[in-house]
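Colleague: Each chain, letter by letter, is given below.
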Amino acid sequence: MNISFNWIDELAGLRGELRDPRVLAERLTMIAAAVEKIEAVGAGLDGIVVSRVLETRPHPNADRLTLCKVDRGGGEALDVVCGAPVIATGGYYPHVAPGGELPAGFRIESRKIRGELSHGMLCSEAELELGRDKAGIMRLGDGLEPGTPLAVALGLPDTRLTLDLNPNRVDLACHMGVAREVGGPPAPRDFGGPAWSPEWRDGESEANGAAVTIRIEDLGRCPRYMAAVIRGVRVGPSPPWLAGRLLAAGARPISNVVDATNYVLHEYNQPLHAFDLARLSGAEIRVRAAVAGEPLTTLDGQEHKLTPDQTVIADRDRAIAFAGVMGGLDTEVTGDTVDVLIECASFDPAGVRRTRTGAGLSTDASYRFERGIDVHAQERALARCVELILATAGGEADVIALRAGPAPARVPPIDVRVSRVDQVLGFGLDRADVRAALEPIGFEPLPDTDGDDGGDGGTDLLRVSVPGWRTDVAREIDLVEEVARRVGYDAASGQDRRFRPSAVPADPRVEKAARVREMLTGRGLLEARSLSFMPEDYRGNRAVVLVPNPLSAEESCLRSAMVPVLLRRLEHNYARGNRNVRLFELGTVFGYAAGTGGEEDADGPGRFDESGRVGAVIAGARRPDHWSGSGLDFDLWDIKEIAASIADRLCGATLEPLDDADTARAPEGRASLAGPWLSRGGFRAVKDGRVVGVAGAVAGASVDAPPWAAPAFGLEFDLSAVEGRTVPAYRKTSPFPAVRRDLSMTVPRGVPAADIERAVREATSDLLRDVRLFDVYSGEEIEGGRLGLAWTFRFRAPDRTLTDRDVESEMSALSNALEKRFGARIRRS
Amino acid sequence: MTPAGASLLDRLAAIEGKGLAAIGEATDADTLESARVEYLGRNGQLADIMSLIGTVEAPARRDVGQRANAVKTVLREALEERAEVLRSGTSGPRARIDLTLPARGRWVGGVHPVTRVIDEICEIFAELGFTSVLGPEIESTWYNFTALNIPLDHPAADMMDTFYLDDDVVLRTHTSPVQARVMEAFRPPVRVVVPGLAYRRDSFDPSHAPAFEQIEGLAVDEGVDFVEFRAAIEHFVHHFFGAGTKSRFRPSFYPFTEPSAEVDVSCAVCAGGGCSTCKRTGWITIMGSGMVDPAVFEAVGYDPERYTGYAFGMGPARIAMVRHGIPDMRLLYEGEMSFLQQFA
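Those protein sequence lines, which keep their order, are chains A and B.
By my numbering, the letter at position 38 of the first sequence is numbered 101, and the numbering carries on one by one without gaps.
By my numbering, the letter at position 98 of the second sequence is numbered 928, and the numbering carries on one by one without gaps.
Hint data in this document are derived by calculation from the structure and do not stem from the laboratory.
Just so you know, not all the hints are guaranteed correct.
[Claimed, not checked] Part of the chain A face toward chain B, derived, beta carbon under 7 Å:
{"no.": "1", "residue": "Ala555"}
{"no.": "2", "residue": "Val567"}
{"no.": "3", "residue": "Arg632"}
{"no.": "4", "residue": "Leu646"}
{"no.": "5", "residue": "Ser797"}
No residue lacks a Cβ here, since even glycine has one placed at the ideal position from N, Cα and C.
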């Protein structure tokens, strides 16, 4: 929202340091609405003056150029070549003389244009950096003294403040609203023309008079419609002060009549519209639902086909404007307009929203109607507009004005308890403080039920009226906020309070996630975060949750697994030429709840299922390259180590081979753990008979990898399987030496190493501390169908040095067991 | 000195000389090992002498013992030095190794910078008695909007363009619905922080993402007022952004808080002077907040006359961007190793 500093100053009579726009901006930011931008308007206009065009004739050598004789005050008229198509003889325009500069720093000199000498130039709004209009030369209002500095005529320089309004504070979208926050009761400008106080003709839904008829067909869409008629106006440029105000407020001056409606919009927040009365068939205004397919061309030249949920202003025959949004081209005020009808209405916010979204428009008017206007100030706003038109465009206002629709209900007063203010704020304010905070912004103390008129010695209760412009204030707590911001949120600074710790227990998932992160970062993995969406093509099963209104096809589904999403991150790294990738991510995956199977008849959030997952992907070098010799790439045994650590140390699950990836898929509908990404020959973690994780090589078809890429490996675990932190109990460490024994054997192929290890542990006592397979070999020296395995065993006793005999007895026990169970052949050296 | 003592000293001198020679002549690990076994081994020459020390009479025994230990040290050092020379394949003294050669590297893992921000926020609020809780990302419109005093047709909903999965099911547009869930399940004192993902239909651009982290805070009890609210937030600001960081509260609007405030902190990049990070204002907005609206208490069955409280919400991604000077939000979600490694 753009606000003119000069305008605020005029309304509020700013005092002291608030006269500095930066201080004003700071103050507004702290008590009302953040000021996003402060910019100078009309700076650099020195040397640009009001000039009058005395005569014009076509340029002899160029069709599009005009030769003008220009009076810029004092001295001879100057010849100026002008590039604009329409220059009015007798009109007033800004002129920059030779030697002068445009605000952008461009220096103007006398020069020949197509053979004709031009002394300086006439300027457009854009050239003067006053607006965006660069098509035409900026036409100024009549009756100025040539030679008047342009800045003086326009009431510039000014400062434009851009406010970021909170959605509840539409009252700050106008200058009166802002002025109330920073000064005493605002004093609107006297336009210097005749006053207008009409004779109102009221009607429930229809009003007649001044030779026009107003009819509201649906009071739900339009609770009130007022109109005034002015006849005999002379449409022309606005006086410079008015044009200057609108420019500073970021609006474009158009003509005196239209500018008057805009001025009142920016002053009072009331959207107004001027119709060319002669073009209203039947001299009639009807507010009605649009008829399906009905055409309307708006002021901006756009053609619309209407729908019945839109509301229009119509005359006897056709739609002539979108109600509360934008006027129509056919009935707009033009240079030929003589009689005008000024609309001052209120429209239903939801209806305006439907109308404008249907039309694809958003305007100053719709913004205000959607958020709520001051329905109690409409008569005043209409009178301001009529008086401004009379002052700037002349004409005569009909003494009859029309008012259709019931008068708005009075705003009920609000009772605020001083004790409540203190309970919520703790600022220690008393009744006088509360009053002093509220009164200047229009909340007037009223006599309460005890007849107390709000004197400062009164009770806890303070009853205040609510001004019509504060459509957002209806409850006691709303007034508490008003008090807080008027006193200043800073009043609470620097004080501590006692507190009681939370009665809400911490969610154990937070700590579990931290354990997983700790484990994976400790293994050199980096945490990624990605969006929770995926394109449909990654669907591992058909019951993926579709987003009904996705932003793009890339984001049309909710992810049902983590690894596929991480594989996209892997590809991103490949695209950046990086083959060494170690990523993990914790996040939510989505599916349908068991039993509902994604059926449409199931309802509510219960239809859906979400669960926490961790996924990881590794590919490339196991360690960074080093000059002493390059290392190896990650292989299946690296992902197995990570998966086994998560399974064993975090979940209490067992990692086992998984030959058929399908067996780890979730039931139909549920988010799956294993997807097509998982190659055969991977692993699954099983806990209490449930698969809680999978790991293995990433199938080549699942990732778009360049030729130089290394094999990728992934894992995915269900976070619900992660257990809370347990406290390990101390076990005495042994000060006595350990004895190491190596053992080579051959076993028939197909005997799982894990079974051998288990058998070793079963056959030995607790003197066996460590079992490690250090070689697996096959080759010529091994008989066919057998595999060589070499193990290291470490024995240690807690209380003594082991003797050879101790160890030999353990070794022979385990050798016998292996020979018997697996047909192992022990190789004795 | 007794003859026994003197003879042992002679033998030690011989062992030292021959031992050093044997070590110096060793050309590979095997010959070096045999030298070690010969002189320093369990049954080696030095061990022989050691076993005889007990036979020497008292006054000389100490001399022999000291000498034996000295020889042992000399031989050991020579052995190590030779071993190092043989290992590194270089001849000559140790100083010839180029110690400026790069160290052997290892991969260093780490959490995401946004996770780090979330963890730090939770830790700081834990000091103020807050516990961390979570809530679902798929949420009913009741918890996401209605219970938070947001009518479904209010213009405030303009601020939250929503992914609807169903007529009454959404991807939550903020973590605030967890406020209502917590208050329904527990009686005061409630002091929780709620980290999690939220979703809005913003296209993915340098400052927006359709899915983004949020962290919500809620404190409700008897006697919790704006003064406590401000003190808690200032505590957080000083601990998270630094003791010298200034904060300011200014009016804002949220349907579920009143009075509502936006919290700005002084820009650390320009120290308030104005730079591109703070859009030349000297301030960076870090959270939306306010006193819990009585309508929310009514929706969850708390007595609004008895209980008051405050709530706040922050965007850890935006805070991480400010903290690390990350210019584009999308970088956070690309999973690029060279990006993530910077924060590990």
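Colleague: Please go over all the hints and tell whether each is borne out by the structure.
Modeller: How the hints compare with the structure:
Hint status for Ala555 (chain A) relative to chain B: holds, with the closest Cβ pair at about 4 Å, below 7 Å. For Val567 (chain A), the interface hint holds, since its Cβ comes within 7 Å of a Cβ in chain B; the closest pair sits about 5 Å apart. Against a cut-off of 7 Å between C-beta atoms, the interface hint on Arg632 (chain A) holds, since the closest Cβ of chain B lies about 3 Å away. Evaluation of the Leu646 (chain A) hint against chain B yields a held restraint, the C-beta minimum of about 6 Å falling below 7 Å.
The interface hint given for Ser797 (chain A) is broken, as the beta carbon of that residue sits about 23 Å from the closest beta carbon of chain B, more than 7 Å.
Hint violations for this structure: number 5 only, all remaining hints satisfied.
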